[in-house]
Each structure stands twice: as structure tokens, then as C-alpha cells.
Amino acid sequence: MRTRTIGIAIGIATALLATATAFAAQNFPKAREFRIERGMPEQAIACIECHKQQTAGIFADWTMSRHASANITCLDCHQAQPGDLDISRDHEQYYSRGDMPYGEKRYFIPIASAVTPKDCSRCHPDEVKQYAKSKHANTIEIMWKLDPWLNGGMNSDNERKTGCYYCHGTVLKVTDGKLDSSTWPNVGVGRVNLDGSLGSCTSCHTRHRFSVMEARKPETCGQCHLGPDHPQIEIYNESKHGDIYQAFKQEYNWNSAPGAWTPGIDYRAPTCASCHMSGSGSVLTTHDVTERISWETQAPLTVRPQDFKPFPAQTDWKVERDKMKKICLQCHGKAWVEDFYVDFDTAVHEYNEVYFKPAKKMLDDLYAKGLLDKTKFFDEALEVEFYELWHHEGRRARMGAMMMAPDYAWWHGFYECKHRFNRFMEEARHLVDTNTKAYRYPDFPNATGDTTRPPEIFNKKQ
Amino acid sequence: MRTRTIGIAIGIATALLATATAFAAQNFPKAREFRIERGMPEQAIACIECHKQQTAGIFADWTMSRHASANITCLDCHQAQPGDLDISRDHEQYYSRGDMPYGEKRYFIPIASAVTPKDCSRCHPDEVKQYAKSKHANTIEIMWKLDPWLNGGMNSDNERKTGCYYCHGTVLKVTDGKLDSSTWPNVGVGRVNLDGSLGSCTSCHTRHRFSVMEARKPETCGQCHLGPDHPQIEIYNESKHGDIYQAFKQEYNWNSAPGAWTPGIDYRAPTCASCHMSGSGSVLTTHDVTERISWETQAPLTVRPQDFKPFPAQTDWKVERDKMKKICLQCHGKAWVEDFYVDFDTAVHEYNEVYFKPAKKMLDDLYAKGLLDKTKFFDEALEVEFYELWHHEGRRARMGAMMMAPDYAWWHGFYECKHRFNRFMEEARHLVDTNTKAYRYPDFPNATGDTTRPPEIFNKKQ
Amino acid sequence: MRTRTIGIAIGIATALLATATAFAAQNFPKAREFRIERGMPEQAIACIECHKQQTAGIFADWTMSRHASANITCLDCHQAQPGDLDISRDHEQYYSRGDMPYGEKRYFIPIASAVTPKDCSRCHPDEVKQYAKSKHANTIEIMWKLDPWLNGGMNSDNERKTGCYYCHGTVLKVTDGKLDSSTWPNVGVGRVNLDGSLGSCTSCHTRHRFSVMEARKPETCGQCHLGPDHPQIEIYNESKHGDIYQAFKQEYNWNSAPGAWTPGIDYRAPTCASCHMSGSGSVLTTHDVTERISWETQAPLTVRPQDFKPFPAQTDWKVERDKMKKICLQCHGKAWVEDFYVDFDTAVHEYNEVYFKPAKKMLDDLYAKGLLDKTKFFDEALEVEFYELWHHEGRRARMGAMMMAPDYAWWHGFYECKHRFNRFMEEARHLVDTNTKAYRYPDFPNATGDTTRPPEIFNKKQ
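Chains as they are written, first to last, in the numbering used here: chain A, 466 to 927; chain B, 466 to 927; chain C, 466 to 927.
Extracted from the complex, chain A is given alone in its bound form (with noise of 0.2 Å):
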């Protein structure tokens, strides 16, 4: 860009504005250490001269990294921990062949295959610590106390592994002193690690490169945020910041440092990462997307998420709110920001009175009159449509308005919303007034699925 130079000042006048604001606010003053040291240990060089050989493209990947910049070796995050129960077995028998180079057993260092956030928290504590309260870490905690699938058992267990698994995580398990397949691999953002740890950082960043700037892009965000029930990258792409990153993205400074990623100077139109996680101002960078967030608008009522009873957030939804308008404004004006916020309101207020709480109000009735049966979710047509109304158009309605994805609020939302509603109010008036119970699919398919809760989550908690 041409005004790299200003670009640059106004960056680091940011991370130093933030730095200082960050000491402020949370009143801990630190001396610094970072320094790199540029020697490495005979092991070390063990592992990156054979895997130079055996897997170049996870050497080459390092190689284009900033961790190997920093001179950060394989072992300074393989090495494994003390208590670490995935320590590798089968890589510990290379050491054995004296006769092939590095096959010394003095090369050998134990070595755990899944690598944590606690274990990336050694050299960063402040994202790991923003992240492991984030709704991401949590999101098979919060799964299992809201969704019908998991707990009626309702699918089968591969049909979790290979589709909600995939981007919530897995509790990993070690059987035999080895990973359980059933468990690993996966990269979903709220795994269960061994040690205790939430999440896998290599969903966002992923390995061996580890680029902020992968981070930083919309399809990142993507592989998890699509499809029928929370289609946000859908809808950023048809919204003017989608546009404008399409158009542009090639004149973008998508390796700006952390915290100086700079609007109008750095990109044009922001990503999802600009607006919920990225410094930007005054507000500083947060590894916690539950921050900046006023309405939770993927629940089934639209609450605030200090009252979303799943995972209440720790904060209240004002400071939150101004923390997203401080965004928006480094943009927009103050009258577009505040017009935004009355439509987005707007919406969410008419979702919820008006085709939310209706359609609740006649299943419950459905219910308490017998004509719809409470043993399982999903087995009569009516909770298929009631879930589809909240958790399908209902979301897309709100996420859109919320977005400013007019084809999404209205086409894939609203639109939706007026006819599922009135589907769904024409056949259980007609239960109501024959007085007819609803028909019961008999033999509902693959609903297999284990329903115990995972004790690593549920048993701590109590």
C-alpha cells in the first residue's frame, strides 16, 4: 500500500497505546523477556534433520514460519511434559538404529503427538488464557447441555465424529498407552485435551506454519461457521465487507503484527477476525470471540449472553457492546453505528415475539395436551419444524440482520421464518382441534449414539 509509512506509525503507536492500556487494565506490570537465542541442541537438530528427509513439507512449512524465525524447534513444543499421557512409543524405537544417521539413543527425547494450548501457553499465556473461557474452548460442555441429537441419542456415533466432532472437538482418550482412533486426530476448537487443556490452536492456525494471517482470513472462520444453521461465512461474503475483501484481498497486509492490524491502512473491509478478535483502536486483541458480543443469536430466545444458561458470559452485554461499537467505529460514523444497532435490535425483537415465542407457546401446549409425545426430539414432524424454525431460518434471519446480509435476513431468514411458522401453526391447530396425536416415526434411523456425558467435562464440574 502506498501509505505503508503512515501504516507503520499509526501500528505501532497502536501496540504501544495497547500494551499500555492492556498493563492499565488488568494491573499486573511486567518486565519482558524475549530474546532468541539462535543455538539449539544436538536433539533438536536430530528431529528437523530427519524429518527434513521423512516429512519436507512439514519441514518446509516450518521453514516459512515465524516460529522458525524465533528459532523455536520441534522440541519446544513436542518435548513432552511431565504427566503427559500421549507420550509416543513408536517414535521412541527410531532411536534404537545406531546404524542410520540421528538413530542414536542420545538424539531421544520423549515426544506427545497432540500439542495443547497448555502447552502453547508456555510461550503465549494471554491467548491461551482469553481463549480457554471463550465459548470455542467450551463448546462441547455447552453441546451436551443443549442439544437433542447428542443427548436422546438421536445419531450415531461416526455420525458425530465425522460431522459435529469434526469443528467441536473430541474428548481425547488414550487406550494402550496410544491415542484412541475413535478420539484422534482432530483439530476441533473444543477439544478435551489429557491435560485438562480446551481447544486445539492449529484449528485457526494450522500446522506447521501456525500464520496469523491465515487467522485473519474469512475461509478460516469457514470451515465451521457454514451451512444450514450458522452460515456467517455466507453471509459475510454477500455483505459490502465480504465484497470489498473479495475485490481487495490481494493488496491487504495480512502479516501486519498482532495487535497493529490496522484498518484502512492494513485492509479495507474488514474480516470476521477484524471485527471479533483483532486489536483495532483502543479495544485490544481477544482470543475470546465471546467478547464485543451483545445478543446470543444462536439460542433458541435470543438472550443476552450473560443469561445464556448453557455458559453464561462474565461480562455484561453493554461494556460488551461498546467494545464492538468502538470497532465499527473506526470506520463508520457514529450515526451509522447507532442506526445498525436499531435494525440488528429490531430484528432480534421481532424474532423473538413474534415467531419464537408463538410457536413455543403451541408446542408446550402440544405437550402438556398429550397430542405431541416428550420421550424423543426429532421422531415427530412437528419438533423437526419447531427446530428448524430457531435453529435454522430463525438463526439465519437474526445472524443475517446482524451481518448485514440483506439475501440472508430476508431470503434465507424472515421469508423462511413466515412460512415454516405457518406450517407448523396449520398442522398443530389441526392436532388441537381433532384432538389427534401426532404420527411417530417408528423406526427413526442410526439413532445409536452414545449419551453418556463426558465425565472429563461434567464429573470436574461437579
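Rather than coming from a laboratory, the hints here were simulated on the basis of the structure. Treat the hints loosely; a few may be bogus.
Claimed, not checked - The following label-pair restraints were derived from C-beta to C-beta distances:
hint: 1; chain 1: B; residue 1: 786; chain 2: C; residue 2: 897; range: 48 to 58 Å
hint: 2; chain 1: C; residue 1: 884; chain 2: A; residue 2: 646; range: 25 to 35 Å
hint: 3; chain 1: C; residue 1: 642; chain 2: B; residue 2: 786; range: 27 to 37 Å
Said to hold, decoys possible - Sample of chain C residues at the chain B side, in silico, Cβ under 10 Å:
hint: 4; residue: 522
hint: 5; residue: 548
hint: 6; residue: 625
hint: 7; residue: 626
hint: 8; residue: 632
hint: 9; residue: 649
hint: 10; residue: 678
hint: 11; residue: 680
hint: 12; residue: 688
hint: 13; residue: 691
hint: 14; residue: 715
hint: 15; residue: 718
hint: 16; residue: 912
Here a beta-carbon is modelled for each residue, glycine too, at the ideal position from N, C-alpha and C.
Chain A is fixed; fit chains B and C onto it per the hints.
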């Protein structure tokens, strides 16, 4: 591109030819005025210096624009014009702060927030003249003449604002001397401005960069031309054109001069703009997208643009088809082009005769027999079915055939038409055979929208 | 890429190894002939000089191609071959214009419009040989052996031409010495050419650039592999592979030599071509996409490719799976690969046993009981439901699991399968319980297509 030298030569030749033809065709030789003066008034310097600090992004955007290169300052667009109703009062207050840099009264110039096509026309008269007669500019009028959602008040004002009006535009209003926040901000293509002009050039040339490159990229059109009812961007991306664009776009010369963007030289496969707007060969650039079109594929019954009642084109479809053929012929042979139009015409004919007309006849019969109720549209299932037949899958079928996207022509198009037609006819016949009135949804949700046709448009017309 | 030197070294090594292996495996040592002669006949100069003026885009495309670098001229591909039926008469006429540059008879060479794989095989024999036995090349035969739309004449010829045949290809015909416009132009992958060869290399390597880069990009495959029934491009874009492609594609070395495109070195994450076609490690490049495949995930009942009755693969699935595993192992560890196949095989098994077989049994029962009519397919609602169960959501479930796209495996896949299965079984049981014949759509629209199997394919076979 390696062939850049040839490209430039041909480009210049094309531009000269285009100019010559334009003069001949439009019969108004004119002495050109075009000189760039480098000075600027101190008020303009004040704008720039203050906004460089306050809104660094806007400043950065402007520095990258052709406007900045041509010494077009903030004032050249934002200075209030005689009679402007939206002069910013907030902005004026800054000039009572003599203690601030540029805060003195002498830097004050009244500013209008909303820059309109009329403002743009001071430098870009031809573009604005063309645009003013397009369906884009007049879309609010068209919408109110056609749309049952608006005319029946079947959705809420907020559903319209976050949905319809986002693309189609609002009718700007001033309340208490300020732009009414229910109408502003908005950058819809048909925005009715306070000065009577129609549209917002920043819909496609986003501020403050105003890039021709952006408007040439298909994603820009895809902001509005997407989704179940007019998925032009999905259709384009699927087509051979879109495939080649995706593979080679990084080689495209996006910044070729307006009118000189040459297929084969500056780019391999066309984008939306290439065929519908850009000058190509002897066909001149137009900002009236109604040009080059020979069927109204969005209408219920497909008609010629001159026969489209809500907004009849002021041209003959054969003339426009010949223009489009000349565009095709820039890359394709004559046989190819003729064959394409045979397929497209056949698709239109079959849609009209086999799907639309029999379904329309059945709908009319149901109304005539009193089995469907005419009071409201959308509150009986068959009305929704009929609507989606022409408005959703019927458009996809026609548009898919039109832009050579087989998946849309068939799977999202005629395939869906067949099933929709069958279900519609089954249910309709059932009503007729049993002489039963259709069920009416008694509590159609959120049907609260204003049904007043905008007097700014419709009173003017009378 | 920083590691380019290593990359080239490894690339060359790979290529040499690949060559060596190929010779060993196929047992035909050959003396290579490869020399580039720089002269060209005056007829070729005439083509180039005239088309440089007349079709500047085609000329520009060619100048950028490897063909031009290797001195391959228009004539090398377009010169009519003995027996060609599609020699252009229009073109010949230009050579009677001695007053035009190159208009003299001595520049005349007979030209065939349609360049076929047989033509391409003069220089690319291995690619054409591989392609000829692929499902791509033989897709028209497969389609006619399977498809109820074609065999029942349930759609119109134009619906087929703008839909099916666009991807699958036409059977080229000559009428009055010209290519029949109902069959040409077409670049479908299974086009039956007048010389008996199958396909069109320009489906993926668009003319006149013929780029290996283009064919390596996923969007190229996505021209046809998209939509409700085989959404491989959507699935890919959602996967971790697609995410990394989107974030890093600008760093990819797209122009690495055929057979030498090396994962980790030339690119981070694979594209469609990387896994299904490109040479990688010891696995050789193939243009037969049936290779490396171990399940027919597009078939109603998932079977091994060798057991796919309409076109049984001439190889063993275990051999092919081992090939694919070797591809995976270029980037992934053994445990990762084995675990992937456990999930995929389980998804296939559950689809077959839990969803497809019970639904198929019910369909057969309905036919046996006379409650469904076998005369036509698609004219009874349950036939459509059954079709979509396997052809739409059942494919999405299997393909989503196959390419690790959780949203497709679950929300667009098994989630939809469950609801479809339930609705199908409810309606089917209702017919059985009430002994009612299913309603038949009496006026199935546009069921006018020709039902004659192409004799060019089926007579040859007998």
C-alpha cells in the same frame, strides 16, 4: 501479460473507435475539457488534514483512488449544493473551535452527507444519464408496482430495511433537519435521493476508493444478485466463464481504462461487467444494464424488455440482442453464438408454455371458483407454491440456461420446476375435485409493513 | 517459496523416479523423442497472422501457452485428419481471396473445428490412453445405463442440452456437412467425437491456453462437481484442505512440471487434482479418475468400483485404496490415514444398511403390491423421495464423510437422510396400511425427451 504492448495498441484503437462511433451515433460533437489543476482551496486542505487524523482509513482510501490522482478533493463531492436538504449540522460545529487546528470559521464549507448521482454527474455526465434510465435506478418503482410483500404489507418495515431495501434502496427523508435514520445510511442501487436523483454510485464503486476494478469483479454484482431468487453470482461462478475467472483472475489487467478493457488481451473470460456494461469492440460502455438484454427472465411470464409493463425498456429487443451478440463475438464464433440463443430461447419458451402458463391458469381458476382467496397473497399454501415456481426455481431455470450454468439450469431450475409444478397441480386439483376452500393461515406473522406507495416516486409520475 | 531449491531437487528426483517406475511397471522401455523445431510452414504463419488480427484473444491465449513455447501451431491440432467428417467449409472460402493477405490458395489447409482427444494423443498418448478408460470419458454410456430422466424421457431435449449434456457431453453429429448445432459446440467430459474418441481435453484445460495450472485448481472440477447431487467443490471448500488452499493459494507453485508437483513443497494443502490425478511420491500421474477410488459413493447402493455394473473398474479396489493411502501419507501420518478410512467405511456401511436398504426394500414392496406404478419414474411423490434419498442427501452424506467436510457429512447429509427416510417410510406405510395406490401426476411437464440410446455407443458395444 506478455502481450501487453499489443493490448495497449488495440486498447487505444478501440477507445478511439469507440469515441468516434459514439460521436456519430449520438450526434453531438463536443470540445473536450479535461485538465487537472494542482492547487486546492484552504478549506479542502482543512478537510484532508483533519480527516487524515480522524478517519485515517478514509484518507488512505482516497489516496489510492483516481480521484486523488486527479486532485479531486472531499469538497468536490461533498460541498452542499443549492437547495440541499441534508446539510450536516454536526459538522458545522467543528468550525467554532478556533483552538483546534483548522477549527476556525474560515475553513467552513457546508457539507452534505449523502453524495448522489446528481453530484457525481458534474464530472461523469454520461454514466449518470445512462444509469438514470436503467432498471437499477428505478427498482423501487418497479418493486412497488409488482411486489405482494410490499403492497400487501406482508412483512415488517424492519424486515424490509434489513432485507429488500438494502439492495433496492430507500427513499431518503429528512426529519428535524437530519437524515431520517429509518432511511439512512443506505447504498441501495435505487435509492431515491433528496435531490430527486436515483441510486448510489457507491453501491458498486465503494467509497472512498471508487474503483473501476471493484465494479468489474463479479463479487460486486454478487452482493445483490445471489440467493434463491436471482442467483446470478452462483450461476456465473459455475459457468465456464466463472471457472476461467477463478483460475486466471490474478493475471487480469483490472485497471485498464474505462471503455478500453479488452477481452483476450486484458482478461481471459468475462465477468458480469464485461458482457453487461463494459465497452467491447464497437459496442460502447453503458451504465444502463437494461441494454443488451432480450428477455425479462425475472418476470413471471418471460417477456421482451419493451413489453415489461412495470418499466418498459425504451428500446427494441432485437437491437439489444444484436449488441450482446457483438459482445459474444469478441471471443466466440458465429455458430457458437447462434446456437447459444437457440438454447436460451427454447428454455424461455418451454418455461412459459409448459410450466408457467398452465400453473397460472390453474391459479386463476381457483380464484374464480372462490377456492383461493384474493384478499391477501402468501396466506394460502398454493400462493406460496405458485410464487416459488416462477420467482425461485423458474428464474433459476431461465437464468441458468441464459448464463450457461448446467447445475442451475437443471438441478436448481427445471428439475425443481417439475416437482413444484406437480405438487401445485395435485393440491389444486384436490381443491377443485372436492370443492374445498384452501386453508388460510389465520395468524400470518409480522405482516405489519407500511403499504403506502412512496409519493416521491408515484406522485411525481401522475 | 523459500524452499524452492529443495523443491526443484526433490521434484526432479520424483520425476526421474516416476519415470523409472513407469518403465518398470508398464514394461515398455522406449527411446524418447522430444525436440523443438523452430521453423513453421507458411500455412501455419498464415493462420497465426490472420487470427492475430481477427481473434486477438485466441492469439493472446496461445502466446501464453506452453504450446507456443514448444512451437506448436494452430495446424498441429486443427489440420484435418484422414476421414475427418467435420472439415470446415466456411474456413476454406477465405482462401479464394487473393486480394487479402494470406488469402491465396497456397495457404490453404483443411481444418477441423472439433479437436478431439485422438488429435491430442499425437503428442500426449499416455494422458489420452488413461482418460479413455475413465468414468469421465464414458459418462454418456453410464448415464444411459442408469438414468431414469433419459430412459423414461422425463425431461426435454433442451433441458438435457442446457443441463445434463453440458457436463456429460453430447454425441457429435454432422448434418449437411456441418456440425449439427444440437450437438455442437460442447465441451462435456464424455463427448462422443466423430472420430470415435471420447471426451474433450478442453473441459479442464480451456482453449487456447491449455494450462496445467487451471486443471490443478479446484474451481475447474467445480464446474461440474457441485450442487445438490455431487457437491464436491462445496465439500472441498469447507474442508481443512480447502481452507488452507484459500488462505495460501497465492503462494502455490501452480506451474510445476506435470508429475513433479510436490505437496509441502509446491503447495500446502492439496486440491482435487493433487489427490485424484497428480503424481505424488511413487504414485504416478493419471488422467483416469477412477484410479485411487475404493467406493462408488455416487451409486444408489455403495459398491466397490469393480462391482459398479454400468461400468466396472478394471482394477481391484484394494490396489486403488493403497494408491490413495500413499497420497495421503505424503502429508499425514499412518494413524491419521487409517483412522480416516475407518470413519469413511463406517459412513458408507451405515448409509447402505440403515438408510438405503430398508428404503429400497419398502419401494420394492410398494411396486410388488401394485401401490406404486412402474410405468414411469418420478411421477409419484415417493419415487422422487426415494431418488433424493440416495441421489441427493445420501451422496452428500457419503461424499462429505469422504472428503472430511462436517457440514456436508451431517447437516446436508445424514441429517437430511434421517428426515427424508422418516417421511418416506411414513407415507409408504400409509399406502400399505390403507392399501391405497399412490397419486400419479397426470400431466408431468415437459416429458418429451428422446429415449433412443445413442447408437454411436450402444451399437458399437453389441
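For each hint, the structure was consulted:
1. A hinted range of 48 to 58 Å holds for the C-beta pair residue 786 of chain B and residue 897 of chain C, which are about 55 Å apart.
2. Taken as a hint, the range 25 to 35 Å holds for the pair residue 884 of chain C and residue 646 of chain A, whose Cβ atoms sit roughly 30 Å apart.
3. At roughly 28 Å, the beta-carbon separation of residue 642 of chain C and residue 786 of chain B lies within the given 27 to 37 Å, and the hint holds.
4. Proximity of residue 522 of chain C to chain B holds as hinted, the smallest CB-CB distance being about 2 Å (cut-off 10 Å).
5. Checking residue 548 of chain C against chain B by beta carbon gives a least distance of about 22 Å; that is not within 10 Å, so the hint is violated.
6. Residue-level restraint check for residue 625 of chain C holds (minimum Cβ-Cβ distance to chain B is 8 Å; threshold 10 Å).
7. For residue 626 of chain C, the interface hint holds, since its Cβ comes within 10 Å of a Cβ in chain B; the closest pair sits about 6 Å apart.
8. Below 10 Å, beta-carbon pairs count as interface contacts, and residue 632 of chain C has one with chain B at about 5 Å; its hint therefore holds.
9. Interface restraint check for residue 649 of chain C: the shortest CB-CB distance to chain B comes to about 7 Å, inside 10 Å, so the restraint holds.
10. Interface hint at residue 678 of chain C: satisfied, since its Cβ lies 7 Å from the closest Cβ of chain B, which is below the 10 Å cut-off.
11. For residue 680 of chain C, the interface hint holds, the least distance from its beta-carbon to any beta-carbon of chain B being 9 Å, beneath 10 Å.
12. For residue 688 of chain C, the shortest C-beta to C-beta distance to chain B is roughly 5 Å, which falls under 10 Å, so the interface hint holds.
13. Interface hint at residue 691 of chain C: satisfied, since its Cβ lies 6 Å from the closest Cβ of chain B, which is below the 10 Å cut-off.
14. A cut of 10 Å between beta carbons decides the hint on residue 715 of chain C: the least distance to chain B is about 7 Å, and the hint holds.
15. Taken as an interface hint, residue 718 of chain C does not check out: its beta carbon lies about 14 Å from the nearest beta carbon of chain B, beyond 10 Å.
16. The criterion of a C-beta within 10 Å of any C-beta in chain B is met by residue 912 of chain C, whose closest approach is roughly 9 Å, and the hint holds.
In terms of the numbered hints stated before, the structure departs from hints 5 and 15, listed from lowest to highest.
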